[in-house]
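Chains as they are written, first to last, in our numbering: chain A, 1 to 358; chain B, 359 to 759.
Honestly, the hints are just simulated from the structure, not real lab data. Any given hint could turn out to be false.
[As the list claims (entries may be wrong)] Listed below are the simulated DSSO-like cross-link pairs for lysine-lysine, each with C-alpha atoms no more than 27 Å apart in a straight line:
1. B:LYS489 to B:LYS678
2. A:LYS315 to B:LYS696
3. B:LYS489 to A:LYS64
4. B:LYS756 to A:LYS267
5. B:LYS405 to A:LYS231
6. B:LYS702 to B:LYS734
7. B:LYS481 to A:LYS66
8. B:LYS727 to A:LYS338
9. B:LYS755 to A:LYS61
10. A:LYS64 to B:LYS481
11. A:LYS267 to B:LYS755
12. B:LYS727 to A:LYS198
13. A:LYS61 to B:LYS625
14. A:LYS231 to A:LYS315
[As the list claims (entries may be wrong)] Using C-beta positions, here's what the derived DEER-type ranges look like:
15. B:LYS630 to A:ASN87: 34 to 44 Å
16. B:GLU738 to A:ASP260: 41 to 51 Å
17. A:ASN96 to B:SER633: 26 to 36 Å
18. A:MET1 to B:ASP698: 53 to 63 Å
[Stated by the list, open to error] According to the in silico footprint, chain A covers these stretches of chain B (three or more CB under 8 Å from chain A):
19. 441–447
20. 454–464
21. 692–705
22. 736–742
23. 746–756
Note that the structure is predicted; figures quoted are calculated from it, not measured. Glycine is no exception: its CB is placed at the ideal position from the N, C-alpha and C atoms.
Letter by letter, the chains look like this.
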Amino acid sequence: MVKTLEVYAMATDPIYIGTGGYNIGRVDNTIVRDPITNIPKIPGSSLAGTWRYYVVLEALKDLKGKQPSFDKIKNQSGNTIAEKLKNYNWNNSQPNGWKGFVGNQILKISCAGQDDAPQLERDDENNTGHCGHCIVCKGFGFSKKDISWQGMIFFSDLNILFFPVFTMKGTKWITTASILKEIKINESLPEENKIKTKNGNEGHLNLGWLYLEVSGSHNINDSQISNFSIKSEDIIIVSESLFSHIVNSNLEVRTSVSIDPITGAAKEGALFTSEAIPRGTIFYGSIRIFNKEFGELDSKIEPLPTADDLEQALKDSAHYYESLGIGGMTTRGFGRLKIQLINGNSQTGGSQDEQPNQ
Amino acid sequence: MAKFEALLEINPKNVQSLAEYIAYCKYYFKPKSEDKIKNYSDFYSLKNDFPFIRQDIRKNSTYKSNETLKDFPLNWLKNEIIGKEKKYVEFDNKDIQIIQKISGIYEESQLNNLQEYVNKLPKYSFAIWFKFQLEAPYFSKDDDEFYIIQNPILKETNFKVPMVRGSGWKGALASAFRELFREDFQNNKEKIESFLRVFGAGSESIKTIESYVFGKSGDLNKAKDSLLKFMLFELGLKIDSNLIKEVKGKNNKEELFQILRDKLSAKTSDSKLPSEFQTHKGRAIFYPTYFDRLSLEIINPHDRRKRAGTNPIHYEVVPKGTEGIFQLIYIPFDGVLKPDEELKAEAEKDLNNLSVAVAILSKQGIGAKIKLGWGKFKIENKKVFLNEELDIPEEWKKCQD
Numbered sequence: 001m002v003k004t005l006e007v008y009a010m011a012t013d014p015i016y017i018g019t020g021g022y023n024i025g026r027v028d029n030t031i032v033r034d035p036i037t038n039i040p041k042i043p044g045s046s047l048a049g050t051w052r053y054y055v056v057l058e059a060l061k062d063l064k065g066k067q068p069s070f071d072k073i074k075n076q077s078g079n080t081i082a083e084k085l086k087n088y089n090w091n092n093s094q095p096n097g098w099k100g101f102v103g104n105q106i107l108k109i110s111c112a113g114q115d116d117a118p119q120l121e122r123d124d125e126n127n128t129g130h131c132g133h134c135i136v137c138k139g140f141g142f143s144k145k146d147i148s149w150q151g152m153i154f155f156s157d158l159n160i161l162f163f164p165v166f167t168m169k170g171t172k173w174i175t176t177a178s179i180l181k182e183i184k185i186n187e188s189l190p191e192e193n194k195i196k197t198k199n200g201n202e203g204h205l206n207l208g209w210l211y212l213e214v215s216g217s218h219n220i221n222d223s224q225i226s227n228f229s230i231k232s233e234d235i236i237i238v239s240e241s242l243f244s245h246i247v248n249s250n251l252e253v254r255t256s257v258s259i260d261p262i263t264g265a266a267k268e269g270a271l272f273t274s275e276a277i278p279r280g281t282i283f284y285g286s287i288r289i290f291n292k293e294f295g296e297l298d299s300k301i302e303p304l305p306t307a308d309d310l311e312q313a314l315k316d317s318a319h320y321y322e323s324l325g326i327g328g329m330t331t332r333g334f335g336r337l338k339i340q341l342i343n344g345n346s347q348t349g350g351s352q353d354e355q356p357n358q
Numbered sequence: 359m360a361k362f363e364a365l366l367e368i369n370p371k372n373v374q375s376l377a378e379y380i381a382y383c384k385y386y387f388k389p390k391s392e393d394k395i396k397n398y399s400d401f402y403s404l405k406n407d408f409p410f411i412r413q414d415i416r417k418n419s420t421y422k423s424n425e426t427l428k429d430f431p432l433n434w435l436k437n438e439i440i441g442k443e444k445k446y447v448e449f450d451n452k453d454i455q456i457i458q459k460i461s462g463i464y465e466e467s468q469l470n471n472l473q474e475y476v477n478k479l480p481k482y483s484f485a486i487w488f489k490f491q492l493e494a495p496y497f498s499k500d501d502d503e504f505y506i507i508q509n510p511i512l513k514e515t516n517f518k519v520p521m522v523r524g525s526g527w528k529g530a531l532a533s534a535f536r537e538l539f540r541e542d543f544q545n546n547k548e549k550i551e552s553f554l555r556v557f558g559a560g561s562e563s564i565k566t567i568e569s570y571v572f573g574k575s576g577d578l579n580k581a582k583d584s585l586l587k588f589m590l591f592e593l594g595l596k597i598d599s600n601l602i603k604e605v606k607g608k609n610n611k612e613e614l615f616q617i618l619r620d621k622l623s624a625k626t627s628d629s630k631l632p633s634e635f636q637t638h639k640g641r642a643i644f645y646p647t648y649f650d651r652l653s654l655e656i657i658n659p660h661d662r663r664k665r666a667g668t669n670p671i672h673y674e675v676v677p678k679g680t681e682g683i684f685q686l687i688y689i690p691f692d693g694v695l696k697p698d699e700e701l702k703a704e705a706e707k708d709l710n711n712l713s714v715a716v717a718i719l720s721k722q723g724i725g726a727k728i729k730l731g732w733g734k735f736k737i738e739n740k741k742v743f744l745n746e747e748l749d750i751p752e753e754w755k756k757c758q759d
């Protein structure tokens, strides 16, 4: 019933997801953090929002020019728009797979982003917002005056799995024993304020400005982390209490200033600092696709996309993260992310390890 | 002392990796004393302060008498690490390859993968890729304050590889692009539109104009000011006082549109703000560039009266002759609303303008101190990656060729 996809992502650029408003910190523009651990993260809502847009973009790439006008749909037989859509045939040009989903005939760019006409009925002719019929609206949810539908795709936050830190031995990725447990690797904790490396014989190592004693070796091997493009000898396990400190002191902090094109010098009052999750950080999270096959569904919402279709839609559009990215300042070297989706176990009942947090 | 044991492993005679170089520059910042090397009574106390020393250098003429401890680490870097003959340190390509891979930059041998990636993007997306060689040193200042050199070069935060940031490329290329229409903007309206498409818009002034045009605010004077600000500061146009008077003299929305139509945009019809002039994200996505060499440059300001050097200022630079990769991807993500022919025409114009802007930029230079001629580069092996047929600029090659 619930299909789980594991998400692994590597930041190919620094990632800036701002908190907005005013926050007291050492920089002007602060980023989103987990309130309890104080570790930066990518919120599930940011992921859901961008992915919704990228699925629309990927779909329209193929659908462009093939979609009928709204009048043509209205002339089809059937009592409701949903029925008319079902009866429409694509003139032998029906796109394959999820792109040919019934309802995608009226998928449009405004199906992404926030609905700008939630006060209208779904089939209102002036409906400029979410269409309520296409795979995007049904997969990610929509809300109109007459009908609302919770999405079928549930996004978790992306949390930091491995975080890059520069040391005298080159760049190393730090993690903790409890984080490793999330990806099913069992490792014991290092002693308080000490760290564990693959070799365990470095003596001392500097993680940014912190100088820590190496207390032993870990047993992670390359095959356990084959999903990520890092090597096991570059992984360092630190204690839980240090992790947040090391992460926060090795964030990418930038001082920027705006340049006046006339004088060519810095503009007055335009200096600001911002922080970002650095390049090379590896995140993990999960996406759950809830296949709502209850049998007694409101006929208005039928047909529903299958979990496989939605999964394929997510997979086909994930490559946009490698160029268009996530978060702020994406056209100037921020926000690019390489996303990998791996099929987890389909859960058909019993307990779930993770609680949905959206 | 025991805490710094790991530092002993650095062999400055043979610094090869970036990590060793950075560790040296960062951790031998101290001491800041004016004492001299020759005043050390014995080798052991000297070695205690500078554990990287292998031999007693008090008898070495290079360091014996004249070095204060403050300058000593820097001179050591100059003489022993950078060396007198090569004049730069070259790092193992491995460091660069890792970070390039993480950043999604394609090496010359992997260009097929870039083509494959472009194929996945919406129609009329393209990528520009070229290799360049610096014709002068490149410098851009890093935020790192604890460093052996006063002016460390910008490095990637967690990989410490010298770099040009994506934002650096974007800003520099935007300023080179403005040269295309700066002087004669009234006849280059299409280039202004192309500029806004490629780089995006969304400043305060655009937003003020927008809110006036869409009737959210009725403040005409503010809109007029914003329009002037926009022309001056964002487009960098050469405006004369007549034009300023003309703008100031406008009394309503229609007349303000007249200015937009006459001076800036070929597309403006009646009273609709063209999409280029509305807040939007730019279509071009810039990638960073990484370099594999480091060197030192010295600027020595002269005393005006005595005509002699005063205090030399050191800069850590990427030396000339170093090669780097420039990569840009153009995605007309807003193009799903436009007919294909229009999109094609736009992409062709944007590609052509970008190629001219890149050529201008190579003469202007990137980074800091471009007025000293720093940052100039020579473009080699220019390539364009298309997913639909487009007319490409001369001298550029498609991936398949």
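query: Does the segment 441–447 of chain B contain three or more residues whose Cβ lies closer than 8 Å to a Cβ of chain A?
result: As far as the segment 441–447 of chain B goes, the hint is violated, because 0 residues have Cβ atoms under 8 Å from chain A.
message: Just to be sure I understand the hint, the distance between the Cβ atoms of ASN96 (chain A) and SER633 (chain B) should be within 26 to 36 Å; is that true here?
response: Roughly 32 Å apart at Cβ, these two residues keep to the hinted range, so it holds.
field: Distance restraint between LYS489 (chain B) and LYS64 (chain A), which requires alpha-carbon spacing of 27 Å or less
entry: 36 Å, violated
message: Against the 27 Å threshold, does the CA-CA distance of LYS489 (chain B) and LYS678 (chain B) hold or violate the hint?
response: 14 Å, holds
task: Confirm or reject the claim that LYS630 (chain B) and ASN87 (chain A) have a C-beta distance inside 34 to 44 Å.
output: 37 Å, holds
task: Would you mind confirming whether the straight-line C-alpha gap from LYS702 (chain B) to LYS734 (chain B) stays at or under 27 Å?
output: Roughly 32 Å separates the two Cα atoms, so the pair is violated.
Whether chain A covers the segment 692–705 of chain B (at least 3 residues having a Cβ closer than 8 Å to its Cβ atoms): With 3 residues close enough to chain A, the hint holds.
- prompt: For the pair supplied as a hint, LYS61 (chain A) and LYS625 (chain B), is the alpha-carbon distance within the 27 Å limit?
  reply: 25 Å, holds
Restraint check for LYS727 (chain B) with LYS338 (chain A), where alpha carbons must lie at most 27 Å apart: Distance of about 35 Å is beyond 27 Å: violated.
query: Does the hinted range 41 to 51 Å hold for GLU738 (chain B) and ASP260 (chain A) at CB?
result: Violated, at about 33 Å.
Distance restraint between LYS231 (chain A) and LYS315 (chain A), which requires alpha-carbon spacing of 27 Å or less: 25 Å, holds
message: Hint check: LYS755 (chain B) vs LYS61 (chain A), CA-CA at most 27 Å. Holds or violated?
response: Within the cut-off at roughly 26 Å; holds.
Going through the hint list in order, the structure does not satisfy hints 3, 4, 5, 6, 8, 11, 12, 16, 18, 19, 22 and 23.
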